[in-house]
Every structure is written in structure tokens, then in C-alpha cells.
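Q: Chains as they are written, first to last, in our numbering: chain C, 1 to 92; chain V, 1 to 169.
If you are wondering where the hints come from, they were derived from the structure by calculation, not from laboratory data. Treat the hints with care, since some could be wrong.
Cross-link-like lysine to aspartate or glutamate pairs, in silico, DMTMM-like; alpha carbons within 20 Å at most [stated by the list, open to error]:
no. : chain 1 : residue 1 : chain 2 : residue 2
1   : C       : Lys92     : C       : Glu64
2   : C       : Lys87     : V       : Asp152
3   : C       : Lys87     : V       : Asp93
4   : C       : Lys88     : V       : Asp92
5   : V       : Lys56     : V       : Asp85
6   : C       : Lys17     : V       : Glu164
7   : C       : Lys87     : V       : Glu164
8   : C       : Lys7      : C       : Glu24
9   : C       : Lys87     : V       : Glu169
10  : C       : Lys87     : V       : Asp85
11  : C       : Lys88     : V       : Glu94
12  : C       : Lys32     : V       : Asp161
13  : C       : Lys92     : V       : Glu48
14  : C       : Lys92     : V       : Glu41
15  : V       : Lys76     : V       : Asp92
16  : V       : Lys23     : V       : Glu41
17  : V       : Lys76     : V       : Glu41
18  : C       : Lys56     : V       : Glu164
Here's the letter readout for the chains.
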Amino acid sequence: MSRSVWKGPFVDAYVLKKAEASRESGRNEVIKIWSRRSTILPQFVGLTFGVYNGQKHIPVNVSEDMIGQKFGEYAPTRTYYGHAADKKAKRK
Amino acid sequence: MSARVCVGAIAGAFGVQGEVRLKSFTADPQAIEDYAPLETEDGARSFEVQITRAIKQGFAARLSNVRSKEDADALKGMRLYAPRDRLPSLPDDEFYHADLIGLAVFDTGGAEIGKVHAVQNHGADDLLELKLPGHSATVLLPFTLAAVPTVDLTAGRIVIDPPEGTLPE
Numbered sequence: 001m002s003r004s005v006w007k008g009p010f011v012d013a014y015v016l017k018k019a020e021a022s023r024e025s026g027r028n029e030v031i032k033i034w035s036r037r038s039t040i041l042p043q044f045v046g047l048t049f050g051v052y053n054g055q056k057h058i059p060v061n062v063s064e065d066m067i068g069q070k071f072g073e074y075a076p077t078r079t080y081y082g083h084a085a086d087k088k089a090k091r092k
Numbered sequence: 001m002s003a004r005v006c007v008g009a010i011a012g013a014f015g016v017q018g019e020v021r022l023k024s025f026t027a028d029p030q031a032i033e034d035y036a037p038l039e040t041e042d043g044a045r046s047f048e049v050q051i052t053r054a055i056k057q058g059f060a061a062r063l064s065n066v067r068s069k070e071d072a073d074a075l076k077g078m079r080l081y082a083p084r085d086r087l088p089s090l091p092d093d094e095f096y097h098a099d100l101i102g103l104a105v106f107d108t109g110g111a112e113i114g115k116v117h118a119v120q121n122h123g124a125d126d127l128l129e130l131k132l133p134g135h136s137a138t139v140l141l142p143f144t145l146a147a148v149p150t151v152d153l154t155a156g157r158i159v160i161d162p163p164e165g166t167l168p169e
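Sequences are here, hints too, so could you generate the full structure?
A: Quick look at the structure:
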């Protein structure tokens, strides 16, 4: 069953505070968070969060198409390296 | 930059008519056929590849000069390599993982920090995993213009301007 709409999206309060503080300071920093369960809100777009995966903080640069997802979806707890072969990386 | 990239491996024979089980490591698995002829690790043998069908965990394929099940069985575990220059050229700001891995990492002051260990993507931006000397843990850095302003493949180096709190003290 999905979450009731009247409650609004769930976000841990400290994540909101840290994001707001970072935006006000205007510094280029990774906002370290442990809350993988928090929903990504529109006001987080453009910020970089370090989402804890149980071992380290994975940098997640929030973009518009990530709104509504949870932070934990972008910080997997298991790493599979695979082979480089012809895989490409794009610098944005 | 390495001269060859590993694009697949042979998992054994498929059937009794000399076909092999082919594991593809390419982004589009079927594209392994486009990089043929593929060489073995020591470069002693090379094979043309013809994929015959998709099977569980890979493809059934026919390799040139492999006619029997015994020939195919003998190739089990062999990795297949393609020359790096056979990969198509990419637009600006797009790089092959194989080219990025192993590059020396410098900070904006010109001091060497470490090496690129791997490239990852978990659904957001691409991430460079950096190995720093003297640290057992690796560091992840977003592969963005702000964090990685310079990528010089010919010189084998990148220059990074990491966000605060990324690198250990």
C-alpha cells in the first residue's frame, strides 16, 4: 500500500536542515547523510549528498529526474566492478 | 591507455558441433561481434566471431578455426581482447572506462594525489573511484566538469577540484 498523500513525502528533518544550511552557505561541499530512506525533494536539486551505504558516503549529485526517489536508491550497498570493455562515462 | 581491452570470455563449449558459450562484457552485449577479430590474452590466436543465438548468461557463438566440441572445450576460460583503436571515437566529455582507469590524479596545485581505480555509475552521475597512496579505502568523486576540470588522456592525467569533505584529511 502506498503512502497517504496527505502526509506528504517523508524526509528526515536533519537532511532538510543540512541541505538548507549548505544552500545558504553556497559552498561546494558534499552533504554527508545517513538517511537512505529520505525522499529527494525539489529543493535538493543541484546539491551533492554523500549517501551512506554502510561503509562510505557515495556522492549523489541530485538532478530533476531524481525527485520523488529515495536517496538509498543511488547508493548501493554492494559493489560489482565488472569489466570496463567499451563502457563509457560522461562528464556533465 | 592500454592497447587492448577485454571484451569477453569463453565459458566453454555449447553443444557438440563446435560452438562456444560466449560471455560478453560490452555495454551492448551483442556488440562484441563488431569488435572481431578478437585475440587471446597472449595474442597468439585470433578469432572471427559469429553469434548464433542468445543463451542463458551469454551467447552461443561460432569462432573461426573452432570446428569441434574438443576445440571449444580447450578454449574454456579464455579471455578475448580487442585492440583499443577498434572502439569508436567518442564526443567531447565522453570517455571509455578503459581509458580513465589508471590515470594519474593531480590536484589544482599540481600535486599528485593518486590514481583512478574504477569508474562506477549507480544511477546518478558517473563516479571516479580514486586510490590514494597510504589509504586502504578508496574515494569516490563525481565525474563532473566542476570536480574534474581536466582530463588529459595523452598525458595520462586528470586534474581534480573535489568538493569539500571528499578527500580524507
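Q: Hint by hint, note whether the structure agrees.
A: To see whether the hints hold, each was checked on the structure:
no.: 1; hint: C:Lys92 to C:Glu64; in the structure: holds, 14 Å
no.: 2; hint: C:Lys87 to V:Asp152; in the structure: holds, 19 Å
no.: 3; hint: C:Lys87 to V:Asp93; in the structure: holds, 14 Å
no.: 4; hint: C:Lys88 to V:Asp92; in the structure: holds, 12 Å
no.: 5; hint: V:Lys56 to V:Asp85; in the structure: violated, 30 Å
no.: 6; hint: C:Lys17 to V:Glu164; in the structure: holds, 18 Å
no.: 7; hint: C:Lys87 to V:Glu164; in the structure: violated, 29 Å
no.: 8; hint: C:Lys7 to C:Glu24; in the structure: violated, 27 Å
no.: 9; hint: C:Lys87 to V:Glu169; in the structure: violated, 32 Å
no.: 10; hint: C:Lys87 to V:Asp85; in the structure: holds, 14 Å
no.: 11; hint: C:Lys88 to V:Glu94; in the structure: holds, 7 Å
no.: 12; hint: C:Lys32 to V:Asp161; in the structure: holds, 18 Å
no.: 13; hint: C:Lys92 to V:Glu48; in the structure: violated, 37 Å
no.: 14; hint: C:Lys92 to V:Glu41; in the structure: violated, 35 Å
no.: 15; hint: V:Lys76 to V:Asp92; in the structure: violated, 39 Å
no.: 16; hint: V:Lys23 to V:Glu41; in the structure: holds, 15 Å
no.: 17; hint: V:Lys76 to V:Glu41; in the structure: holds, 13 Å
no.: 18; hint: C:Lys56 to V:Glu164; in the structure: holds, 16 Å
Hint violations for this structure: numbers 5, 7, 8, 9, 13, 14, 15, all remaining hints satisfied.
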